[in-house]
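Peer 1: Chains as they are written, first to last, in this note's numbering: chain P, 5 to 377; chain R, 5 to 377.
Everything labelled a hint here was simulated from the structure, so no lab data went into it.
A portion of the hints provided could be inaccurate.
Heads up, the list lumps identical chains together, so a pair's fine if it works in one copy or across two of them.
Below, simulated EDC-like cross-link-like pairs (lysine to aspartate or glutamate); rule was C-alpha separation at most 20 Å, straight line [claimed, not checked]:
id : residue 1 : residue 2
1  : K92       : D218
2  : K349      : E52
3  : K373      : E362
4  : K333      : D295
5  : K146      : D218
6  : K333      : E206
7  : K373      : E363
8  : K373      : E16
9  : K373      : D218
10 : K349      : D82
11 : K107      : D307
12 : K186      : D91
13 : K373      : E11
14 : K186      : E298
15 : K373      : E8
16 : K323      : D295
17 : K180      : D277
18 : K333      : E50
19 : K180      : E121
20 : K349      : D218
All of these numbers come straight from a predicted model, not from anything done at the bench.
Protein chains: 2
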Amino acid sequence: MRTEICERLGIEFPIFAFTHCRDVAAAVSNAGGIGVLGAVGFTAEELEVELAWLDEHVHGVYGVDLVIPSKYEGQGIDGLSPQELEDKLAEAVPDGHREFAEKILADHGVPALPEGEHHNQLLGWTATTAGPQVEVILRHPKAKLVANALGTPPQDVVAQVQSSGRLIGALCGSVKHALNHKNAGLDFVVCQGTEGGGHTGEISSLVLWPQVIDAVGDLPVLAAGGIGNGRQIAAAMAMGAAGAWTGSVWLTVEEANVPPAQMQSYLAATSHDTVRSRAWTGKPARMLRNDWTEAWERTDTPDPLPMPLQMMVALNGVKRGHRYPEAAKDVNFNPVGQVVGLMRKVERSADVVGRLIEEYVEACERLNKLNGG
Amino acid sequence: MRTEICERLGIEFPIFAFTHCRDVAAAVSNAGGIGVLGAVGFTAEELEVELAWLDEHVHGVYGVDLVIPSKYEGQGIDGLSPQELEDKLAEAVPDGHREFAEKILADHGVPALPEGEHHNQLLGWTATTAGPQVEVILRHPKAKLVANALGTPPQDVVAQVQSSGRLIGALCGSVKHALNHKNAGLDFVVCQGTEGGGHTGEISSLVLWPQVIDAVGDLPVLAAGGIGNGRQIAAAMAMGAAGAWTGSVWLTVEEANVPPAQMQSYLAATSHDTVRSRAWTGKPARMLRNDWTEAWERTDTPDPLPMPLQMMVALNGVKRGHRYPEAAKDVNFNPVGQVVGLMRKVERSADVVGRLIEEYVEACERLNKLNGG
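Chain P on its own, in the form it takes in the complex:
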């Protein structure tokens, strides 16, 4: 199953593991795939710490996933520091949204954060805040791959990353987005079906993948959205994918820094328990349906704001969910795809990689046998 992108990255299997946890990223890279660390939750300084740790623990290479949305509130405002941009955007949050968010958390008995515990509100959800992250990445030679989650990255970022000998790609949920990526000269696209976790479009993987693969010609397409076992990887590769981009499945591995109460939510969920909602980030993202998502869905409650304003409203809830996962279990932010229904037990990351390969081989053999081979 070694494809050209494996050669370019120097990895054994085209298994890309998106995760917010450096331990998982390292484990996958060291098992022959490649861990891709989600950077959006980190300041540039924090990201530096994470990547330094990865440099030390990864034998080969790893990747970093940024979020520079192609459309967001505050876009085109130049010359402001991240804090100044945050202050400016905060003015655009209408009255009532923060109060509503606070009420949902209070109604569920989720304690407030300890007094004095400050957190920035904007995170890496803009070009202004993601820019310094790119500079951090370029200082880490094992950070060999950069992916952008929500659109074609700005041309200067593409040039910076590529001229440093790294590969840069981006996620897409439509043929149009994929062609934008190709025209911007990206090295690969990650094509994600609607069943995927986090930000996701409306077209299913089975229908989207072949369309994107045909549309972008020889640009490698990594198949994303719904992949949790090796049979699905065989399916993706049979359709012409250059690899498998996985995410949800790494939320229930032993190494994941997911609190037990939240991990339990994932393990207990079926594929019917997810919803595509704007209730956390402001753009449609798939997550477990719960009292938070339902509250923002109702017609008699505030509508979610555009990115990044909604996350500025919701981030306090994310942080309180991290700190008090038991209390927050019905209002937590649990991004995950429909494949959650296949996630039934906690495994070691390396074992997941091994299982994916094994299932892939079995699926190929099944097909060969069927064809009289």
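Mind docking chain R on chain P? Use the hints.
Peer 2: Below, chain R without anything else, positioned relative to chain P:
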């Protein structure tokens, strides 16, 4: 790609073509797959005519698809004739629904049906009306396969069909439904992902298929939802499917009795142009989004009624759409899956079968090559 169910049916390829058009059904059966005629639009008398025609034109075997919903209004009302049941159900349609439907059509300039042109309203959407259809099927020896679209068929129907040497199966959109089918002793399940056309659940094919395949053990699973090319069939077979159940792709074949204006709607649509809506049948079904579906989605308009009441309201629109497809092009009932984005030209049915096989073989070869074969 010959699987056990091919042997049992005596067909060459496990390609199942659901269609409302006998010409398409015959062409697919004669090309080595099996055409499955949708019976819901026909009275028992009309179905008799269709199957007699098929007997004459099909060399091998064909199938028939019924709609006996496992839940519907009027369920359990016994001892009424179809007309009596229809009259009784008509009383349950609230004031305003028929007027609203009529207004949508009138606003778009869709002419009324010629005066005196009567049509029954209930069709085959109940056990009462589908029962006589089963009797018709049993009189036609080449009608070797029966599938039920909306739930496990009643036990007496299962017994009748199986004791006559035919196979009976049913569609499912969840593991739970699949297990109900298995427990009822059905011969196969058709497992349809949310991207499929017509009545469909919420879980994508890629995620649903492997779960159902694992859940039902050795019961053959036909993969449905999103299949329009042979690469997707290879994907399904790699995941363990026993065959491919297709539908949408037969709407734009040369033999389809789809009016040119409607066929043009399908050919022009992208995968983004479908919606899962209750606006025609009362149960969620995927179709092209248009002014009709939007009208019923709005919060200031009547909500769609449960099955079969909504179709009793909407059927006049279906009939007028058939008769005046040009006028009705923005309010027509256009059931189709997301695979519509792959349907770009009119092909002959036999050529579609040939193309599916060819693409399947190519996909298998791609996989073999990747694996060093």
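Peer 1: Taking the hints in turn, state whether each one holds.
Peer 2: Here's how the hints hold up against the structure:
no.: 1; hint: K92 <-> D218; result: neither (43 Å within a copy, 53 Å between copies)
no.: 2; hint: K349 <-> E52; result: neither (32 Å within a copy, 53 Å between copies)
no.: 3; hint: K373 <-> E362; result: both (16 Å within a copy, 18 Å between copies)
no.: 4; hint: K333 <-> D295; result: within (9 Å within a copy, 41 Å between copies)
no.: 5; hint: K146 <-> D218; result: neither (32 Å within a copy, 39 Å between copies)
no.: 6; hint: K333 <-> E206; result: neither (27 Å within a copy, 24 Å between copies)
no.: 7; hint: K373 <-> E363; result: both (15 Å within a copy, 18 Å between copies)
no.: 8; hint: K373 <-> E16; result: between (26 Å within a copy, 16 Å between copies)
no.: 9; hint: K373 <-> D218; result: between (28 Å within a copy, 19 Å between copies)
no.: 10; hint: K349 <-> D82; result: neither (47 Å within a copy, 48 Å between copies)
no.: 11; hint: K107 <-> D307; result: within (15 Å within a copy, 31 Å between copies)
no.: 12; hint: K186 <-> D91; result: neither (35 Å within a copy, 59 Å between copies)
no.: 13; hint: K373 <-> E11; result: between (29 Å within a copy, 16 Å between copies)
no.: 14; hint: K186 <-> E298; result: neither (37 Å within a copy, 34 Å between copies)
no.: 15; hint: K373 <-> E8; result: between (27 Å within a copy, 13 Å between copies)
no.: 16; hint: K323 <-> D295; result: within (17 Å within a copy, 43 Å between copies)
no.: 17; hint: K180 <-> D277; result: between (29 Å within a copy, 14 Å between copies)
no.: 18; hint: K333 <-> E50; result: neither (27 Å within a copy, 56 Å between copies)
no.: 19; hint: K180 <-> E121; result: neither (43 Å within a copy, 46 Å between copies)
no.: 20; hint: K349 <-> D218; result: between (36 Å within a copy, 16 Å between copies)
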